[in-house]
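Undergrad: Start counting the sequence shown at 0; every next residue gets the next number (numbering that gives the first Met the number 0).
It cannot be assumed that every hint is accurate.
Simulated pairs of lysine-lysine, DSSO-like, Cα-Cα distance not exceeding 30 Å [as the list claims (entries may be wrong)]:
no.: 1; residue 1: K64; residue 2: K27
no.: 2; residue 1: K20; residue 2: K34
no.: 3; residue 1: K24; residue 2: K55
no.: 4; residue 1: K48; residue 2: K27
no.: 5; residue 1: K64; residue 2: K20
no.: 6; residue 1: K55; residue 2: K34
no.: 7; residue 1: K10; residue 2: K48
no.: 8; residue 1: K10; residue 2: K55
no.: 9; residue 1: K10; residue 2: K20
no.: 10; residue 1: K34; residue 2: K10
no.: 11; residue 1: K48; residue 2: K20
no.: 12; residue 1: K20; residue 2: K55
no.: 13; residue 1: K24; residue 2: K48
no.: 14; residue 1: K34; residue 2: K48
no.: 15; residue 1: K24; residue 2: K64
no.: 16; residue 1: K27; residue 2: K55
no.: 17; residue 1: K24; residue 2: K34
no.: 18; residue 1: K64; residue 2: K34
no.: 19; residue 1: K64; residue 2: K48
no.: 20; residue 1: K10; residue 2: K27
no.: 21; residue 1: K10; residue 2: K64
no.: 22; residue 1: K10; residue 2: K24
These are calculated hints, taken from the structure and not from any lab test.
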Amino acid sequence: MQPNQQRNQIKAGIQVRIILKQHQKSGKLTDGIVKDILTNSSTHPHGIKVRLTDGKVGRVQSVLK
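Can you build the whole structure from these sequences, using the hints too?
TA: Here is the structure:
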């Protein structure tokens with residue numbers, strides 16, 4: 000299981016790359032810093048849903064270091 004699919008790997012304040020709902024078909028990714036974790040389950044096959052500090056909501060595709 001990838002880190003972007005595990006809730007315990009995502010914390011507020013880390014930098015991530017997400018895919019917004021409207022960009023799922025195009026695959027366009029957005030970088031940002033996690034403000035809130037919106038997925039309640041411990042894992043999700045499409046990525047953990049988060050809200051970024053700028054208010055955008057999407058599923059984590061990768062964690063940036």
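Undergrad: All hints, please: hold or fail.
TA: Each hint, compared with the structure:
no.	hint	verdict
1	K64 - K27	20 Å, holds
2	K20 - K34	18 Å, holds
3	K24 - K55	17 Å, holds
4	K48 - K27	16 Å, holds
5	K64 - K20	24 Å, holds
6	K55 - K34	10 Å, holds
7	K10 - K48	12 Å, holds
8	K10 - K55	16 Å, holds
9	K10 - K20	21 Å, holds
10	K34 - K10	8 Å, holds
11	K48 - K20	10 Å, holds
12	K20 - K55	10 Å, holds
13	K24 - K48	17 Å, holds
14	K34 - K48	11 Å, holds
15	K24 - K64	26 Å, holds
16	K27 - K55	14 Å, holds
17	K24 - K34	25 Å, holds
18	K64 - K34	17 Å, holds
19	K64 - K48	19 Å, holds
20	K10 - K27	23 Å, holds
21	K10 - K64	13 Å, holds
22	K10 - K24	27 Å, holds
Violated hints for the displayed structure: none, as all numbered hints are satisfied.
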